[in-house]
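The hints should help you fit chain B onto chain A, whose structure is shown.
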Amino acid sequence: MTLFLQLGFQGIALGMVYALIALGFVIMTKGSNTFNFAHGEFVAVGAYVVLALMPHLPYWLAFLGSIVVTVALALLVEATLLRRLLDKGLTTVVLATLGVSIMVHALILMVWGVGTKGSAGPVGSGTVEVGGVVLPLSGIATIVASVIVLAALLVFFRRTPYGLALRATASHQEAALAQGIDIGRMFALSWAIAAVLAVVASIFLASFPRVVSPSIALVALAAIPAVVIGGMDSLIGAVVGGLIVGLIQVLGAGYLADYGGGKLHEVLPYVLMLLVLVVRPYGLFGSRGIERV
Amino acid sequence: MIRKTIPVLAVGALLALSACGGSGSKASADGEDGVEMGPGVTDKEIKVGLLTDYSGPIAEAATSGSLGMEVKFDQVNADGGVCGRKIVAVKGDTKYDAQQTVQAYRGMAGDVAMIGEVLGSLSIDAIKTNLERDEMPAMAISLNTTTMLEPNVYVPLPVFEVELANGVSWAAEEAGASEDKPLKVASVTGTDDYGKAYASAVEAAAEAIPGVEVVAEPTFALTDKDFTAQVSELEESGADVVLLGTAPSQTAGVVGTAAQLGYQPTWISSSGAWFASLAEPLDGLLDKFYVSGGYGTLTDDVPGITELKDALAEYAPDAAPSEFQVGGWLFGEATVAALTKACEDGDLTRDGITEALKDLTVDYKGITPEVNLGDGDSIVSYSSRMNSIGPKGELVPMGDFYASDAAKAWGEANGY
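Protein chains in written order, with numbering that gives the first Met the number 0: chain A, 0 to 292; chain B, 0 to 415.
Simulated from the structure, these hints should not be mistaken for laboratory data. Glycine residues also receive a C-beta, built at the ideal position from the N, C-alpha and C atoms. Incorrect hints may appear among the rest.
To be verified - Sample of chain B residues facing chain A (criterion: CB under 8 Å; computed from the structure):
| id | residue |
| --- | --- |
| 1 | 62 |
| 2 | 223 |
| 3 | 373 |
What the hints assert, rightly or not - Derived list of chain B stretches under chain A, where covered just means 3 residues or more per stretch with a C-beta under 8 Å from a C-beta of chain A:
| id | segment |
| --- | --- |
| 4 | 44 to 58 |
| 5 | 208 to 220 |
| 6 | 251 to 258 |
| 7 | 270 to 282 |
Unchecked claim - To give an idea of the interface, some chain A residues facing chain B are shown, with a C-beta separation under 7 Å as derived from the structure:
| id | residue |
| --- | --- |
| 8 | 9 |
| 9 | 13 |
| 10 | 114 |
| 11 | 117 |
| 12 | 118 |
| 13 | 133 |
| 14 | 171 |
| 15 | 207 |
| 16 | 208 |
| 17 | 246 |
| 18 | 249 |
| 19 | 262 |
| 20 | 265 |
So here's chain A without its partners, still in its complex pose:
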């Protein structure tokens, strides 16, 4: 039982990181009708900037600095490239985000090199023990911060004028335009929120004992099954999808290691993703009829 609880805690902590990344994908999809394949690189940029600022600033300022840089990058991409391509069709936009992903990755290699760096988490390697289960502080911080961010997002979308405007834009762009909502500003807002989420996810994805390296962007893309499972336009779905993927990976590594050559836990999220696509193409919590790429 202790092992189950231990693995379950780690699975929830990893799942919350996936949830934060998945939320970024979902908000961009809802807000600007775009699936951004460069989102993983935004996560990587977030981690590298935090790490670069940490020696010079208090941690919270390094974190804020990273948000400023990553949001600026996201807005730059959104304004200079994607908004101009929206009338060219979804395929063109998605391919453009792939191109952006390659460019940002190259930029990261140019600035920070190919090497492995340290951890960028807000807490170190400490732990607390509860009933025989060891809870790493990094895992606790991940879960607490994720819950706070999710609550803030819910309040934003339900209680603030900008949140309501963003929901209206996601629901029906023409109708939102007729109501005087600045669609372009809503596109930018959705990208900015996704960038903030990318930075929050990045510091937990790079928390001890994980480290910052160029491949962190690829790790971030492991959140894609979470997006599909939960539903591409559902905030709750992103969270549930993230938790499902995290729990499958960690519990599977513990209990399914003797099956499928020890690789079952690696494949299962994708099997589940395919099953969801076949049985319920819009995801567990998604809206019927959403267009997929």
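Just chain B now, kept in the frame of chain A:
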């Protein structure tokens, strides 16, 4: 008429080119000095392919290794090259990805005499049929028996399995293991064939040493981000010593997670599982961490290391020191030795270089004991050396190179 003729001619030309073989493996001509020359060889230069990860997940180690090879070539070229020909490195970025490796190989295959290094078992798998078809001599910097057995592929250094088996032997000696004083060991390896080979070597070494017992063999998938399950299994087994058949990023995950869970065994890794930059995130956790390395370090006072340091100072003065530069330098030594012998035999074609590689003796000038490449399917050396970790992550030698009976017994049992 013209509209129809041009496409037909174009297709015909393509077919003719295909029939000739894109890599030009059989094309040869005699040089001014009478040496027969194949693809990638002229009177002035010999092109050698370097297929490694310059921008992917293991680029940190790979670029250091590649630099070690390149400065070796620079040193040899400054002394006149190989039989008057400069060695030119043709670099291909595999990004540690099978498809990228195939593309990079195809891009250079017709233009190089041999592949001086291919990094990554995944990459070797991707191009092994191409290497055989093109009769391309190649050396694999993935030091394991699985790649060693591929046709045309040579591994000129002790394989990771030897390092791990010698590590088990060292741990048993340190602990004074015997039937009355048993030592519990475990391994952590990947789920792929290479991981299985590493685990098998640990098992065989444990079997050969009285009192040593393997109590756990957890595995990880290459995409794993959390190692709680593996560490929990290790802790549950009560293993005193854990052998790591991991890549550096997984080493950080396993050792860091173990520290968080309060499990502190003796860790012994192969040389491929450690990179100096891990010292920062694992600060304070490396007192019982050792690396079993098949070759020496930058701190050694031997002629080979002196030459390497001089070459780095001359040709790459801004490069940060890395132990992988030593590995790359040794591959450079083996490449130069093969080309020199082929040239002395008057045959710098791929067939000639392949012949030269057979039974080639390479003197590594003290960095690691001299090796003989044999038929390419044999382990070239059973020697390795234990190292502890210095404050900046550098390897600190703990004694001399040694070849354990356990490693030799494992090799003999498997026909290596």
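Evaluation of the provided hints:
1. 62: 6 Å, holds
2. 223: 6 Å, holds
3. 373: 32 Å, violated
4. 44 to 58: Held - the segment 44 to 58 of chain B has 5 residues with a Cβ nearer than 8 Å to chain A, which meets the minimum of three.
5. 208 to 220: Coverage by chain A holds here, the residue count being 4 at a Cβ distance below 8 Å.
6. 251 to 258: Holds, because 6 residues of the segment 251 to 258 of chain B bring their Cβ atoms closer than 8 Å to Cβ atoms of chain A.
7. 270 to 282: With 6 residues close enough to chain A, the hint holds.
8. 9: 4 Å, holds
9. 13: Since chain B brings a Cβ to about 5 Å from residue 13(A), closer than 7 Å, the hint holds.
10. 114: 4 Å, holds
11. 117: With a closest approach of 5 Å, the residue 117(A) hint holds.
12. 118: Result: holds, 5 Å to nearest chain B Cβ.
13. 133: Holds, because the Cβ-Cβ distance from residue 133(A) to chain B comes to roughly 5 Å (cut-off 7 Å).
14. 171: 38 Å, violated
15. 207: 6 Å, holds
16. 208: With a closest approach of 2 Å, the residue 208(A) hint holds.
17. 246: 11 Å, violated
18. 249: 5 Å, holds
19. 262: Given a least distance of 5 Å, the restraint on residue 262(A) holds.
20. 265: Given a least distance of 4 Å, the restraint on residue 265(A) holds.
The earlier numbered hints that this structure contradicts are 3, 14, 17.
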